[in-house]
Amino acid sequence: MKNTLSTQLLFELSKPGCRAVQLPECDVPTKPLDELLPKQSISETTPPLPELSEPEVVRHFTNLSTRNFSVDTHFYPLGSCTMKYNPKRNERLASLPGMADLHPYQPESTLQGMLALLHQCQHNLAEIAGLPAVSLQPAAGAHGEMAALLVAAAYFRDRDERRTNVLIPDAAHGTNPASAAMAGFKTVAVKSTPEGFVDVDDLAAKLDDRTAVFMITNPNTLGLFEPQIERIAKMVHDAGGLVYLDGANMNAILGVARPGDFGADLMHFNPHKTFSSPHGGGGPGAGPIAVAEHLGPYLPTPVVVKDGEGYRLDYDRPKSIGRVRSFFGNVGVLVRMYCYLRSHGPEGLRRIAEDAVLNANYLLHRVKDILPVPHGERCMHEFVASSSALKSERGVTTMDIAKRLLDYGFHAPTVYFPLVVREAMMIEPTETESRAALDAFADALGRIVEESPELLHEAPHETPISRPDEVQAARKPVLRWRKEEG
Amino acid sequence: MPQDLLYSKTHEWVRLSEDKKTATVGLTAFALELLTDLVYVELPEVGCRLKAEEPFGEIESVKAVSDLYSPVNGEVAEVNSAVADNLERLADDPYGNGWFFKVKLADEAALADLLDEAAYKKQCEEEQH
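Same order as they appear, the protein sequences are chains A and B.
Residues in the first sequence are numbered consecutively from 1, following this note's numbering.
Residues in the second sequence are numbered consecutively from 1, following this note's numbering.
Bound-form chain B, shown alone (with noise of 0.2 Å):
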């Protein structure tokens, strides 16, 4: 699990370009095991206004489908729509070649209710139980 991403409760990631004014989103590979099998994401649109917290789109394995809640506050400047149809390769990779999108970001209040890998390793072992 990378050390330098924030992660959200809902298991999204985030990396913070260095001036933290973009940030790219992904989902953990917590979260994509879990799911197993993929069959479907949906990605919001370029332009798009995302909320923190609030479900941008959602994903869907032969398991369950699955909200995805936006870890920030912005708007949506890039989609990896590759990934979509790539579905079977996002567990392969999904802090690289599996991100989601990048958010121009509205402002940093959000940030702060994410975790570090710490906190978030933690979280996910708890789950586990």
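Bound-form chain A, shown alone (with noise of 0.2 Å):
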């Protein structure tokens, strides 16, 4: 590895007798420490905290955030993620003292605006998705897949039904049947045309009365929208499963078409795909989910309800699969979702897809010159390259051509998904892009193909770190920091 820069740790930059605060003589009575806690609760050694400055320490943290690739610094096209960019405006909003500083635990009495938010959130949120019944519920996308599901199991259990599978295209989501087997499903893998399309005599075969739920993609991974779902949606329910959508591509129909008309009965929403809320990168999400009318009693209570001229929450539901979050959910990614969703309206949604299509269709129809795209001339919000010819003739692979274009500031589209496409490069540029930025990642695209496999292998050349040992770092991630002795 040629770049080998890291930042120091606090630990290492500590030096004995530095620090950032002095403290006032204590002027109020004391008491040993031994006479407060008991000898066993106290150690013996002080913790080695690390010693430093204040400069010292904002030096640390402001160069830490000057290493960061987001999309309020570079494009970032990385397929199936939809990172769009996160308009300042819902910060401001959702940092409102009213919106804010809300305790959980108040009175509903003095909520009644941010449950009236609530309500107003699973009323567009079912108009959305044409399915009336909404929880807001799930701290994220996966987490609203298990929920559903759980509300499918519910469902079958309320009437005598013994379905035990799951089916779900092989060019699905990982999360779906991982949500699935949380859920207590069985899943069962439905094949693929080479088209990209589920095959529908495959889902024949294997349709039955097992069949609980088939979980579907639509727009796919592929960035193409299903042709035969009406179809698909029409021979699930004659075999009396249930219909999911996963959502993760609704920014591609928002405002189009709605799941609930083209025969979903549950379905999950991605707020920071879909409504500008930020990708939570292991921190607080949401991922709402909306059902048909005859699953709405098993969703996650509680819900909010109005009653007269005010909000409640409703928590009298018999059928309800429970609580699967405390609280109410993470409410202030919601009330960035409310702010997007009410800054474009109807029309404004709309017109969100509608160019967010464009984008990816302009973007293909430079890049399929540059790498071929198997599926097609048409796409949706997204499509996928593939450099499995470059491989094989300069041994160039969908890896090194991520790691370069690092090295030309844009960060790397998701690579190697979906699985049924080799050296898959899955690009979504999403609708806040102008053109003069996806023209300069196509031209970046066209170069690097052009480039030395060798220079290629070795990229990225310009980044702090260059190549880390992928097979190490998963084979034996070093996850904690120790002290060397001596």
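Since the hints were derived computationally from the structure, they do not count as laboratory data.
Treat each hint with caution, since some may be false.
Claimed, not checked - To give an idea of the interface, some chain A residues facing chain B are shown, with a C-beta separation under 10 Å as derived from the structure:
| id | residue |
| --- | --- |
| 1 | Pro177 |
| 2 | Ser392 |
| 3 | Arg394 |
| 4 | Arg422 |
| 5 | Ala474 |
Claimed, not checked - Under 8 Å between C-beta atoms, here's a sample of chain A residues computed to sit facing chain B:
| id | residue |
| --- | --- |
| 6 | Tyr416 |
| 7 | Leu419 |
| 8 | Glu470 |
| 9 | Arg475 |
Predicted model only: the values in this text are computed from it and were never measured.
Yeah, the Cβ is synthetic: ideal placement off N, Cα and C, and Gly gets one too.
Each chain sits in its own coordinate frame; assemble them with the hints.
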């Protein structure tokens, strides 16, 4: 690895005696520690906390912050993740004291504004989904998948039907089978056709009276809208199963097509993909779900209901699967989603989808002259290119290209997903990018594929750390810093 | 690619004993090449009952996690635990030291669905594109 310029940890920068604050002499009576705590609770040595001056601490964190590669600093065409720009307006509104300083245990009468906002969120998502019952509680998209599958399980249990299988196309997000397994189902993979759609014959062969749910991502992970979706939904319904829509790609059909109208019974939204709330990075997220009328009674409790002029949290839901998250989910994320929904309105949301699809198609037509795009001339919000030919001709892999893009100031696209495409590179520009940004990306890609394989194998060259050993990082991850002895 | 083995559509290979009562199972060189650098493999335990075309474990590379599917019906008799600790060497000898486990076959029903070398080779060529 060429560049290994990692930042030293505060512990490594520490020098005995350095400090950032000086406290005045204590002017109230004190008691010795051993009179306050039993002896066995007092450590014999002081904890090895780092000792630094204030400027050293500030420089450490400020320098770290400049290492960020984010949608605020660079074009970020990470397919399937929909790294759309997070408008700063959302942040300003969500940090207003009336939003940010509420406590979930305040009396409901003092939370009416927030409850009205959440009620409106439920209403708006129901409208966008074409499915009338909504729960805002799940804390992430995958959590929403699991909550919805638990709803499906409760529904079949209530009907005394023993259905054990969840059918999932082989191009699906990995969260689908994981959620199904977590919810107690057995997963059955359904094949894709060479064109990238659900293999309807294979689906028919696998549908039976054990089928609980068919999970479909539409548009799918190849960026294609499933043309047979109505027929597929009818097949699943005829077998007595439910259709789940993975809403990861809603950005492509927002305000244009409603999942409930094309046969879905349950779905989740990813507010961070579709409604511009920040990507959590493991932090707070949200994954609201919407379900058909007959599944509404099983949704997590509570839901926000309107009662006369006021709003309240409804806990009286005997068929509910119960709580899936403390309080009412991550409300701060939902507030940002609400700001986005109301900033754009119905026509604006439709334009978001249209612009996202237009941008993706423009970029597809630039990229396909550089790298083959195996699944077609048209796409929805994203498309999948392949470096398969480049690999066999010159030994240059998708990983090499992805790494080299960092040198050109672009975040790498999603690589090696979906699994149905060899040497996959999944590109999603989103609606907020200008034509100039799309052209610059395509130009860089065009230059990279002409570069020497030796140069590409070693990329990135311009980043503080060039190419870590991913195999060792996965096999023997070093997750904790320890002070070197001696 | 050895000619004396049977192959599943999901890239596992099967070597039958002469009396056709036991089978040795592994993963083909083609699959290992596509997976690239391996990180982890989960193999079944001795005594585990396997059903053809159902997952028996999983294999993880820096690219992806994939299920491994049993090509036969039977009970696991012996597991090659050394392979899990030497993943970097698995690709060197996938049909020899790289075997995963041996199965006491419950029946020969599933064997008819397996491919011979020529048919499997053809499938790999098709998948290459």
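(Q) For each hint given before, does the structure comply? Return the numbers of the non-compliant ones in rising order. (A) 3
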